[in-house]
Amino acid sequence: MKTYNLIIADDHKMFLDGLISILQEDKRYNILFTAKNGNNIIKYLEINSDTNVDMVITDISMPEMDGITLNKMIKEKFPAVKTLILSMHNDGDRIQKVIENDADGYILKNAEKSELLKAVETIFSGEKFFSESVKSAYMNKIISNKKEEQIKLTEREIDVIKLIAQEHTTQEIAEKLFLSKHTVESYRKTLIAKLNVRNLAGLTKYALKMGYIKN
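1 is the number of the first residue of the sequence shown in the UniProt record's numbering; add one for each residue after it.
Hints in this document: simulated from the structure, not taken from any laboratory.
From the three backbone atoms N, C-alpha and C, an ideal C-beta is built for every residue, glycine too.
Among these hints, one or two may not hold up.
Stated by the list, open to error - Computed cross-link-like contacts, SDA-like style, restricted to lysine to any residue with a CA-CA straight-line distance of at most 25 Å: (1) Lys36 with Tyr4; (2) Lys2 with Lys36; (3) Lys118 with Lys214; (4) Lys194 with Ser133; (5) Lys77 with Asp26; (6) Lys128 with Asn37; (7) Lys36 with Lys147; (8) Lys209 with Ala165; (9) Lys214 with Gly92; (10) Lys2 with Asn37; (11) Lys36 with Asp50; (12) Lys77 with Glu46; (13) Lys214 with Ala193; (14) Lys152 with Met139; (15) Lys27 with Asn39; (16) Lys109 with Asp17; (17) Lys118 with Asn90; (18) Lys128 with Asn52; (19) Lys147 with Phe124.
Stated by the list, open to error - Computed beta-carbon distance windows for the label pairs: (20) Met14 with Gly202: 22 to 30 Å; (21) Lys205 with Lys152: 12 to 20 Å; (22) Ala201 with Asp91: 56 to 64 Å; (23) Ser114 with Lys152: 42 to 50 Å; (24) Asn110 with Lys205: 22 to 30 Å; (25) Lys135 with Lys194: 23 to 31 Å; (26) Ile142 with Gly202: 17 to 25 Å; (27) Ile151 with Lys13: 41 to 49 Å; (28) Ile20 with Ile143: 31 to 39 Å.
With the hints as constraints, model all of the structure from the sequences given.
Below is the structure:
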């Protein structure tokens, strides 16, 4: 019977203990090491480079080094090691990051025991495994990204949104750009409609996301 060496990273002890208990029911899985953050996992892999590690199962939200960074570093430094993300987060941004960094799987912490075991087994069979809700969130993120790519702002619209995001008043924007207050208001309404946001806070969030201003 082929056995596999696993490492687990999670800073919630109760969940970690439950995960260990589930995996140890299957005699094929040997838990080599557990840690509360990604730094300790990387150190272990570096120090024990002669030890065969088959998979790292990691949470995302952890102190010092999160699961997104940990997955990226493992794939860069130890490409033979499989990675499975096990997280409470189901937002497209995080999912996109780990998929772009070649994670082998992603399931949610509220998954059934059977799905966890299926994910591990599927990954060891050479395939990737993502739960249905994770795949759905990822596809929605891709669609959203494509829509954003299709939105083209004029240079003047970018000037206006930058100043709005920097909390300048309509009068101040008008003076800086040599426009009338009415024209600035028109730009503001156009930007809200064009970017499909609800208010000035939405415009500010978009400006930050696009790098027009620094956080």
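Okay, the hints, checked on the actual structure:
The suggested pairing of Lys36 with Tyr4 holds, with an alpha-carbon distance near 21 Å, which does not exceed 25 Å. With a C-alpha separation of about 28 Å, the suggested pairing of Lys2 with Lys36 is violated against the 25 Å cut-off. Distance restraint check for Lys118 and Lys214: the Cα-Cα separation of roughly 43 Å exceeds the 25 Å cut-off, and the hinted pair is therefore not satisfied. Of the pairs offered as hints, the one joining Lys194 and Ser133 is violated, with about 29 Å between alpha carbons and a cut-off of 25 Å exceeded.
Restraint check for Lys77 and Asp26: not satisfied, since their Cα atoms lie roughly 29 Å apart, outside the 25 Å limit. For the hint pairing Lys128 with Asn37, the CA-to-CA distance comes to about 24 Å; that is within 25 Å, so the pair holds. For the given pair, Lys36 sits about 38 Å from Lys147 by alpha-carbon distance, which is inconsistent with the 25 Å threshold. The straight-line distance between the Cα atoms of Lys209 and Ala165 is roughly 11 Å, inside the 25 Å bound, and the hint therefore holds.
For the hint linking Lys214 to Gly92, the alpha-carbon distance of about 22 Å falls within 25 Å, and the restraint holds. This hinted pair does not check out: Lys2 and Asn37 have alpha carbons roughly 29 Å apart, beyond 25 Å. The hinted pair formed by Lys36 and Asp50 meets the criterion: a straight-line CA distance of about 23 Å does not exceed 25 Å. In summary, the hint linking Lys77 to Glu46 is supported, as the alpha carbons are separated by about 9 Å, within the 25 Å threshold.
With a C-alpha separation of about 23 Å, the suggested pair Lys214 and Ala193 falls inside the 25 Å cut-off, and the hint holds. Under the criterion of a C-alpha separation no larger than 25 Å, the hint pairing Lys152 with Met139 is consistent with the structure, at around 22 Å. Proximity of Lys27 to Asn39 is assessed by CA-CA distance (about 28 Å); at most 25 Å being required, the pair is judged violated. Between Lys109 and Asp17, the direct Cα distance comes to roughly 13 Å. Compliance with the 25 Å bound is thereby established for this hinted pair.
For a cut-off of 25 Å, the pair hint linking Lys118 to Asn90 stands: about 19 Å separates their Cα positions. Using a Cα cut-off of 25 Å, the hinted pair Lys128 and Asn52 holds, with the two alpha carbons roughly 20 Å apart. Restraint check for Lys147 and Phe124: the C-alpha separation of about 36 Å exceeds 25 Å, so the hint is violated. Between Met14 and Gly202 the C-beta distance comes to about 38 Å, which lies outside the given range of 22 to 30 Å.
Separation of Lys205 from Lys152 is about 19 Å and conforms to the stated range, judged on CB atoms against 12 to 20 Å. Between Ala201 and Asp91 the C-beta distance comes to about 19 Å, which lies outside the given range of 56 to 64 Å. Separated by about 47 Å at the C-beta atoms, Ser114 and Lys152 satisfy the suggested range of 42 to 50 Å. For Asn110 and Lys205, the Cβ-Cβ distance of about 28 Å falls inside the hinted range of 22 to 30 Å, so the restraint holds.
Remark: the range hint 23 to 31 Å for Lys135 to Lys194 is upheld by a beta-carbon distance near 30 Å. Taking the beta carbon of each, Ile142 and Gly202 are about 21 Å apart, inside 17 to 25 Å as hinted. Checked against the hint of 41 to 49 Å, the pair Ile151 and Lys13 passes, with Cβ atoms roughly 45 Å apart. Look at Ile20 against Ile143: about 38 Å separates their beta carbons, and that is inside 31 to 39 Å.
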